[in-house]
Amino acid sequence: MSTTDLQTPLKRARGLGSAKDGTHHFIVQRITALALVPLAIWVIWLALALVRADYAHARAIVHHPFAAIWLTAFVIATFWHAQLGLQVVIEDYVHARWLEVTAQLAVKFFCAVGALASVLAIVRIALG
Amino acid sequence: MPTERPLSPHLQIYRWQLTMVLSIIHRATGVALAVGTILLIALLLALAAGPDAYQTVRAFCSSWLGTLMLFGWSWALCFHLCNGIRHLAWDTGWGFEIPRAYLTGWTVVAASLVMTALIWACVFAQGGAA
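Chain order of the listed sequences is A and B.
Okay, so the first sequence: first residue is 0 according to numbering that gives the first Met the number 0, each after it adds one.
Okay, so the second sequence: first residue is 0 according to numbering that gives the first Met the number 0, each after it adds one.
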């Protein structure tokens, strides 16, 4: 550090790194991963219950409050985790700045709309 | 981007090992599963919309292409789930010794294949694809 630089080393390091926000990305990725372990196993079980179900039965399964709550949690955790994961893949492999920004925005919008659409569908089934 | 820094050995000259293969597959299955969420959205929207829309999605799932995609995604989910647990164990500092990394790696491969087989055994036991 030069004598004229009044910034602390921490201040200079903040905002750097490919994610631009330090360990926050890493930690949220782990939290959503941890949540998705039981949720994904439960969703596999739910999907198998849907295999033989006709429309009315399938709707009744998702209509159940327990299923609706956990399915909503699964959908939110899934799209959040997907956005975080795809963000890293784009950061690693897309080096043209304009393309990277476009791809990151596209992923964020897709995950946001996907989560909203899924949650609204579940709410419609749960209340309908 | 031109750089003066030395580059690490790249895939073309690196000797292939289980650990790197699983790392690459973890990423690939993650991307595949993100694409697979389109079917999840479609299924939920169709279930909310009505019997006709739901039947359309079901028909696609039962087609050979739909079944093939579901089969691929089911294995991708099982692999990403099992290897994700392996990653979470690493995050606690456990399992970095090379013999243990190989043991957990092969365990993940076996577990993902067994889980996928069990899922599809359940599907076919219920009388056919999706």
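These are computed hints drawn from the structure, not numbers from a lab.
Hints should not be assumed to be uniformly reliable.
Unchecked claim - Stretches of chain A that chain B covers, calculated by requiring three or more beta carbons in the stretch to come under 8 Å of a beta carbon on chain B:
id: 1; stretch: 40–49
id: 2; stretch: 92–105
Stated by the list, open to error - Listing some non-contacts, in silico: residues in chain B with all C-beta distances to chain A over 12 Å:
id: 3; residue: Arg4
id: 4; residue: His25
id: 5; residue: Leu44
id: 6; residue: Asp90
id: 7; residue: Trp93
Being a predicted model, the structure only gives us computed values, none of them experimental.
C-beta atoms are modelled at their ideal positions from N, C-alpha and C, and glycine is treated no differently.
Now the hints, each set against the structure:
{"no.": "1", "hint": "40–49", "verdict": "holds (count 3)"}
{"no.": "2", "hint": "92–105", "verdict": "violated (count 1)"}
{"no.": "3", "hint": "Arg4", "verdict": "holds, 15 Å"}
{"no.": "4", "hint": "His25", "verdict": "violated, 10 Å"}
{"no.": "5", "hint": "Leu44", "verdict": "violated, 5 Å"}
{"no.": "6", "hint": "Asp90", "verdict": "violated, 6 Å"}
{"no.": "7", "hint": "Trp93", "verdict": "holds, 14 Å"}
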